[in-house]
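J.: The listed protein sequences derive, respectively, from chains D and E. The first sequence begins at 1 in the numbering used here and counts up one residue at a time. The second sequence begins at 1 in the numbering used here and counts up one residue at a time.
What the hints contain is simulated information worked out from the structure, not anything from laboratory work. Keep in mind that this is a model prediction, so the values were computed, not measured. Even glycine gets a Cβ: it sits at the ideal position worked out from N, Cα and C. Heads up, a few of these hints could be off.
Some chain D residues close to chain E (C-beta under 10 Å, calculated; not the full set) [to be verified]:
no.: 1; residue: M117
no.: 2; residue: C120
no.: 3; residue: W124
no.: 4; residue: Y161
no.: 5; residue: G162
no.: 6; residue: H169
no.: 7; residue: R172
no.: 8; residue: Q190
no.: 9; residue: P194
no.: 10; residue: N198
no.: 11; residue: A199
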Amino acid sequence: MKWLQHIWQGKGSWRDARWVAIDCETNGLNAQQDALLSVAWVPIEPPFIPLAKSGYALIQHQQPLNQSAVVHQLSQHQLAGGLALPEALRQLKEATDGAILIAHHAQFDRTVLQRAMQLCNIDWQPQGWYDTLRAEQRVLERSSVALKQDSLTLARCRSRYGLLPFHGHHARSDAIACAELFLAQTYVAQGRKPLTLNAVLARGR
Amino acid sequence: MAEEREEYQVLKNTPPFDVLSEMDFKFALENMQAMYLSKESREEIIQSGRSLLYLVRSGTYDLVTQDDRRLERLEQGDLFGFPSLLSGRKVTNRIDVVVDGIVWTWPEQTFHALRQRSQAFERYFLDAHSRRLLSEHRPDQANDWTVKALADVVTREPVKVSADTTIREAARLMSEQRVSSLLITEGHALRGIITDRDLRNRVVAAGLDTSVSVAAIMTPMPAVVYAHQSLFDALTIMGQSNIHHLPVVDSNEAPVGVITVTDLMRQQRSEPVVLINALFKAPTREALIQEAKQIPDYLRTFAGRVRDIGTLGRLLASLTDGLTRKLISLYEQDHGRAPCAYVWLAFGSQARQDQTPGSDQDNGLLLADDASEAAREWFMHMATYVCEGLGECGVRLCPGDVMAMNPKWNKTRLEWREQFQKWVRSPTPEAILHSMIFFDSRLISGHHGLYRQHREQVAELAKNDMFLGNIARHIGTLNVPLGLFNRLRTTADDQGDYIDVKKQAIAVLNDIVRLYSLAHGLTVAAIPERLAQLKNSKLLAARDNQNLLEAWQFLTHLRLNAQLYRTSEKLPANAIDPERLSTLQRRQLKAAFRVIKEAQQGVSLKFGRNL
Numbered sequence: 001m002k003w004l005q006h007i008w009q010g011k012g013s014w015r016d017a018r019w020v021a022i023d024c025e026t027n028g029l030n031a032q033q034d035a036l037l038s039v040a041w042v043p044i045e046p047p048f049i050p051l052a053k054s055g056y057a058l059i060q061h062q063q064p065l066n067q068s069a070v071v072h073q074l075s076q077h078q079l080a081g082g083l084a085l086p087e088a089l090r091q092l093k094e095a096t097d098g099a100i101l102i103a104h105h106a107q108f109d110r111t112v113l114q115r116a117m118q119l120c121n122i123d124w125q126p127q128g129w130y131d132t133l134r135a136e137q138r139v140l141e142r143s144s145v146a147l148k149q150d151s152l153t154l155a156r157c158r159s160r161y162g163l164l165p166f167h168g169h170h171a172r173s174d175a176i177a178c179a180e181l182f183l184a185q186t187y188v189a190q191g192r193k194p195l196t197l198n199a200v201l202a203r204g205r
Numbered sequence: 001m002a003e004e005r006e007e008y009q010v011l012k013n014t015p016p017f018d019v020l021s022e023m024d025f026k027f028a029l030e031n032m033q034a035m036y037l038s039k040e041s042r043e044e045i046i047q048s049g050r051s052l053l054y055l056v057r058s059g060t061y062d063l064v065t066q067d068d069r070r071l072e073r074l075e076q077g078d079l080f081g082f083p084s085l086l087s088g089r090k091v092t093n094r095i096d097v098v099v100d101g102i103v104w105t106w107p108e109q110t111f112h113a114l115r116q117r118s119q120a121f122e123r124y125f126l127d128a129h130s131r132r133l134l135s136e137h138r139p140d141q142a143n144d145w146t147v148k149a150l151a152d153v154v155t156r157e158p159v160k161v162s163a164d165t166t167i168r169e170a171a172r173l174m175s176e177q178r179v180s181s182l183l184i185t186e187g188h189a190l191r192g193i194i195t196d197r198d199l200r201n202r203v204v205a206a207g208l209d210t211s212v213s214v215a216a217i218m219t220p221m222p223a224v225v226y227a228h229q230s231l232f233d234a235l236t237i238m239g240q241s242n243i244h245h246l247p248v249v250d251s252n253e254a255p256v257g258v259i260t261v262t263d264l265m266r267q268q269r270s271e272p273v274v275l276i277n278a279l280f281k282a283p284t285r286e287a288l289i290q291e292a293k294q295i296p297d298y299l300r301t302f303a304g305r306v307r308d309i310g311t312l313g314r315l316l317a318s319l320t321d322g323l324t325r326k327l328i329s330l331y332e333q334d335h336g337r338a339p340c341a342y343v344w345l346a347f348g349s350q351a352r353q354d355q356t357p358g359s360d361q362d363n364g365l366l367l368a369d370d371a372s373e374a375a376r377e378w379f380m381h382m383a384t385y386v387c388e389g390l391g392e393c394g395v396r397l398c399p400g401d402v403m404a405m406n407p408k409w410n411k412t413r414l415e416w417r418e419q420f421q422k423w424v425r426s427p428t429p430e431a432i433l434h435s436m437i438f439f440d441s442r443l444i445s446g447h448h449g450l451y452r453q454h455r456e457q458v459a460e461l462a463k464n465d466m467f468l469g470n471i472a473r474h475i476g477t478l479n480v481p482l483g484l485f486n487r488l489r490t491t492a493d494d495q496g497d498y499i500d501v502k503k504q505a506i507a508v509l510n511d512i513v514r515l516y517s518l519a520h521g522l523t524v525a526a527i528p529e530r531l532a533q534l535k536n537s538k539l540l541a542a543r544d545n546q547n548l549l550e551a552w553q554f555l556t557h558l559r560l561n562a563q564l565y566r567t568s569e570k571l572p573a574n575a576i577d578p579e580r581l582s583t584l585q586r587r588q589l590k591a592a593f594r595v596i597k598e599a600q601q602g603v604s605l606k607f608g609r610n611l
């Protein structure tokens with residue numbers, strides 16, 4: 001894999017990398033157990049977010065919904081009309097293979113998606129992960145602001161950058177919201193000189 | 001699916017994207033990119049040499065000229081980038097980022113494709129570019145019956161006879177032609193009119209010989225309406241004169257037709273006709289007050305039907321006119337005819353015919369110079385009866401006491417002349433502030449000749465450089481709520497943030513138009529009429545004239561809407577909360593304020609230098 005390392009030294013500008021913000025909605029908050037209900041992805045071409053290239057897949061589901069339906073507002077009826085899980089994942093793979101994935105609280109999405117991919121026997125290799133929540137946490141810790149329990153929600157993080165409130169809990173709008181937050185975090189951090197890819201990745205690790 | 005997206009809904013409500021067909025709209029959406037706009041990302045765009053159209057979602061940006069002049073502050077809902085896209089020239093103005101944020105962008109090709117696909121879309125940007133934002137999106141007037149020109153409605157040639165025709169011949173002609181009225185002409189000129197009712201009342205009931213000439217029973221010199229005027233004008237005149245047949249004449253005063261109440265009813269089951277008639281037929285003061293109670297409800301339904309809500313100001317004024325005349329005639333029924341020539345004057349908004357439901361009464365009396373003490377006494381009583389009656393009919397008494405029942409505003413022609421002279425000769429800020437409404441006047445009832453004499457006198461007096469200069473100075477002190485960088489500036493009190501669109505904008509505009517009118521010795525009062533007569537003014541450029549008219553139309557419209565659909569009783573009657581306006585209205589409001597502000601600077605330059 002030497003050739004890959006060569007290209008992928010991470011010393012170039014972060015703007016030249018492929019970035020995709022993602023978000024998934026699940027049947028609960030347990031990433032190991034709960035089922036994937038929907039997933040959305042939005043590519044980022046700094047400083048742009050080409051919204052038309054975003055994707056969204058609702059996953060076909062037969063099991064009864066639990067309480068989380070209140071949050072994500074997907075109905076049993078809608079879910080019955082969704083895509084089969086392998087097909088949805090295939091689309092996600094196509095859109096994200098070789099890209100660095102961005103999510104708010106990325107660990108959760110990563111676990112859910114990797115488990116689902118394994119289940120369907122799909123080989124999925126994102127180039128890396130960036131967590132907007134971790135990045136924000138680092139900024140706040142450095143500025144020695146006392147962290148409250150909810151100060152790291154996507155909405156709170158966004159409001160710190162003056163981004164508009166959004167309709168949360170639809171995977172697509174959450175993914176766009178996350179993409180905007182990523183751009184805000186990175187542009188605010190970079191100042192005059194463009195950051196290297198490695199520097200950006202280190203912030204969101 | 002697309003419809004569910006948040007950006008779909010937002011863009012759908014953003015002019016000019018709202019005018020695109022569904023297909024073109026989807027095309028716009030497909031080619032839209034969100035962008036994080038900061039100092040750094042702005043540099044990236046500049047370096048890439050790309051031209052984009054921008055729509056601000058969040059953040060704050062300043063539009064700055066090459067020589068560092070700040071033109072405008074751009075915030076949520078504002079569009080920028082299009083001037084260079086339209087002109088194809090290099091970008092000369094730059095964007096300063098005040099607060100980073102998200103903007104939506106479209107590449108040059110998309111912008112041009114949309115311009116080609118939709119004329120309305122292109123029109124919007126051309127208008128915005130040439131700062132003609134105010135004329136756009138005004139309701140389509142084609143279907144509004146009230147603004148239809150009479151020339152389009154009157155199709156039939158008038159049936160005419162000469163004054164020496166006998167009554168019998170005239171009646172035979174009327175029945176042959178199946179008309180209910182007949183015009184009496186001499187050459188091209190209109191001399192009089194006879195109607196079915198005249199034949200009944202003045203001939204049959206009176207037992208008159210039908211071989212007498214029609215001159216004996218005609219109404220000589222009847223009220224007329226011009227062909228270029230609207231149906232609404234015809235309606236107002238009929239209401240004011242309590243007649244059902246109105247001759248329509250061309251600009252040379254030659255009759256071209258007759259319009260009747262039935263014609264109006266045919267255009268629309270016209271409630272104004274019904275209401276005005278009811279007011280006129282009221283036999284007593286009590287009955288009149290009872291009928292007048294329906295006015296507010298009626299206005300609301302009327303406003304819902306007409307496209308141009310500005311008509312409402314004129315309708316209200318004509319209702320107040322009608323009530324006033326009716327009250328005067330009721331008083332005369334009980335107390336005999338007026339002892340000398342007089343004029344009932346309307347001032348302020350009634351005179352300008354831009355009354356709103358919240359307007360209070362401003363009126364006065366002009367008496368012939370030979371008025372005796374006893375006559376003055378008679379008029380004081382009459383005025384008290386009329387003003388109080390108007391108050392009970394829902395036209396509030398004037399808190400500033402500018403009413404005919406105040407002896408101060410109940411004067412002979414010479415006394416008025418003295419009063420105006422005083423204002424003109426010592427134009428203190430105080431005097432200017434209080435006298436302005438008296439320079440907007442209209443005859444409501446009484447002696448036309450006396451009024452004309454008075455009005456021309458006032459116009460002559462007012463053409464005084466020092467007086468005009470002081471009005472200009474007064475106008476210069478008024479605050480248009482447009483702050484630094486063209487931002488709307490609201491007033492904050494315990495009712496929230498708002499703009500008083502009357503005090504802070506319409507009144508200033510009225511002052512400006514009045515100043516030009518005084519400088520030209522105009523005697524009309526309504527803003528559209530004043531501006532029409534100022535068309536060839538050397539002082540006011542045609543373009544500024546048009547801008548003022550459009551700003552006035554937009555603001556009066558906005559204000560009437562705010563009054564009719566007021567959300568809180570606590571808010572001042574003319575309060576507008578910019579947050580509650582649509583994106584387009586907010587842009588238009590800014591454009592209107594800019595027009596006023598520029599006009600304000602204009603009058604200081606033109607009239608202020610003689611001081």
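J.: When the structure is checked against the list of hints, which entries are broken? Sort them ascending.
T.: When the structure is compared with the hints, numbers 1, 2, 3, 6, 10, 11 turn out to be violated.
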